[in-house]
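There are 2 protein chains.
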Amino acid sequence: MSLIVVKFGGTSVADVDKIERAAEKVVREVRAGHQVVVVVSAMSGVTNQLVGYCNEVSTMHDLYEYDVVVSSGEQVTAGLMALALHKHGIAARSWLGWQIPFKTDEMHSKARVRDIETKHLLEALEKGEVAVVPGFQGVTFNNRISTLGRGGSDTSAVALAAALKAERCDIYTDVDGVYTTDPRIVPGARKLKTISFEEMMELASLGAKVLQTRSVEIAMKHGVALQVLSSFEDAIGSDMPGTLVVREDKIMEEELVSGIACGRDEAKITLLRVADKPGVASAVFTPLGEAGINVDMIVQNITSDGQSTDMTFTVSRADLERALKVLKDAKIECDEIRSAANVAKISVVGVGMKSHAGVAQKMFTALASKGINIQVISTSEIKISVLIEEDYAELAVRTLHSAYGLEEAA
Amino acid sequence: MSLIVVKFGGTSVADVDKIERAAEKVVREVRAGHQVVVVVSAMSGVTNQLVGYCNEVSTMHDLYEYDVVVSSGEQVTAGLMALALHKHGIAARSWLGWQIPFKTDEMHSKARVRDIETKHLLEALEKGEVAVVPGFQGVTFNNRISTLGRGGSDTSAVALAAALKAERCDIYTDVDGVYTTDPRIVPGARKLKTISFEEMMELASLGAKVLQTRSVEIAMKHGVALQVLSSFEDAIGSDMPGTLVVREDKIMEEELVSGIACGRDEAKITLLRVADKPGVASAVFTPLGEAGINVDMIVQNITSDGQSTDMTFTVSRADLERALKVLKDAKIECDEIRSAANVAKISVVGVGMKSHAGVAQKMFTALASKGINIQVISTSEIKISVLIEEDYAELAVRTLHSAYGLEEAA
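These protein sequences, in sequence, are chains D and Z.
All the letters of the first sequence, read from the start, carry residue numbers 84 to 493 under the numbering used here.
All the letters of the second sequence, read from the start, carry residue numbers 84 to 493 under the numbering used here.
Simulated from the structure, these hints should not be mistaken for lab results.
This list has only true hints and no planted wrong ones.
Since the list gives no way to pick one copy over another, a pair counts as held whenever it fits inside one copy or between any two copies.
Capping the alpha-carbon separation at 30 Å, the derived lysine-lysine pairs in DSS-like fashion look like this: (1) Lys193 x Lys170; (2) Lys170 x Lys411; (3) Lys274 x Lys304; (4) Lys248 x Lys186; (5) Lys210 x Lys193; (6) Lys186 x Lys210; (7) Lys304 x Lys108; (8) Lys408 x Lys170; (9) Lys186 x Lys202.
Let the hints inform the model, and build the full structure from the sequences given.
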């Protein structure tokens, strides 16, 4: 008998009907002889509504109480999922974060998992009960409700799978796997049978909203076998229904490039003629960090005079106004601060590129062939990202998808 | 410095705007130097929606999980109320049932309060914090969420007031006090300045939906000074804003009759020619009790033959079908079972009637003068109830209100 964790996202539990359909998938896993932990999101739209209430009261709300409010959506789904399982004669009960307890740190609204007590859950599973756990929520060491940040239910599921040493963790969502790129942009995008944790992390952080980045990090660290599946297809019985996220060495046919990601959440800030001396980067990025603003791509060129430099970096669009204010208050020595929100970040991701030359070359040539100007470049071992004008985003994705031969075999 | 409990019902916290207005009332109590515990209901409509979800999954749902689902509404309001108080610079935090802990028995969906730990709450109040408590919810000794039944937030508030030895418990609702009868039926109905616990209990149980009956019971038992106020009027500063519910001996001007109540939740069952022998009543009411069906008015007449009798009693309309089935299954020896749902129960309530003769006489005469037929009569020390045809309900209420001289003084 093996233990599995299955997680259903918001669209998979959008209403009572969908919850019942999700319950049927759980029933089949139970009938197949598995011990099952079910992790559920809030019904779609509920969390946004709850966040809206908090913002309506005050945009500067206390995060302790924010967590009390927004964690309630998953509690509702957990109770309903248990009720739906009972209808099939399956013993099931909900386990709220504080009942497990699912301990997190005190960083309310984006808490990190610290310690999951498995004793009660394992006893329940041993008795043949399905354990239904509301995702997204935990409890701090001070006994207050915490939440793991938007998309945190993925992290709940993977952390539970790690703590319970589950055989695998199935993430049911509204897409049926991970694609070589967004199928809405490139209809010929191909579903990947396997993808490495590293690639999945890059894709997740680049806006392919299949899994929360942190959940992939935890899965990689603890070796949790992760599977992305559609909750709207009948996956049981088919050979390879979704996409398996696995260790790099388990990928059979390694591909040069696994996917093309497109992120539209970027905004660009350029500091013109910043003094080119030690400590400048720190003067810029320390106050941004203290304000909790994440900086993504950073490029710096030496200008001809040798005394000043232009520095460009990106922040998320939601942070742009605040970032500009922080920079103004920090009185950075520079001629001018420019910003633009109409940019898109296009990335080519693949573990194969570590050992292959020419991947970047092919990217730049392909974009140039369509007259697309590259504003900023940043690279990692398994990723090349460029910033381009947003209007060209779809064209760039289609061009690159074709340049790397990622189309579905005819 | 005195401690008070204030409770806001669903219509008083129907949306964020109303929550903010309710918070302002709390702020004024704090500024007036009180330690304040705020008890909140779910935003109006929310509990019905959650109950609807549970029924949609299954009408025979497990009550443990039902409680998990339906308790979430108050949690949301509690968090939002705390946030609204913060905006005024008031320190406040939410205390969920399991955090207090507010212990109840295991009768899920209609649990009874067992033990309220006051240590944490008193510490928070001593620090100058407002404690915001979601009504309706508690936690069992098994650490599962329980709820106190519909309208249970009143009971939460009064039980907290009793445990914390509060100076008073203010119930803010959408009416501004207790009236001599329903003002929608009799426009001249008069607001009572004071009412005794006993009268309030009779009125509450008779369908004057101002307070949950159990909350009045607890208030009487523990001597909690209870006040019913409108959350939509600015009560602070006015002399006697709502209705005070007090011990009988504290009522200054005792009135013969305090109010006329009208209940439409009744259905009548008559057993024709039941055998008139010992054990018959038990044979009828034991199976009903076992099925959880409350029987209200009971009358039994001896028939002329001395061997059989007609027995009439009322149950709530929602239980009628089930009650008929139980009686059929119990194979009661009788000629026929008849039932009717088109009945209304009209009651005259007043502690004064204990020491005055003629109150019942006046009721019967007044009804007869309008040609209203009395089907069943039942009396207690402070109440006379009659069952009449539902069509005559309003006429009966108006007639009695006038007969006892309850109109507002011109």
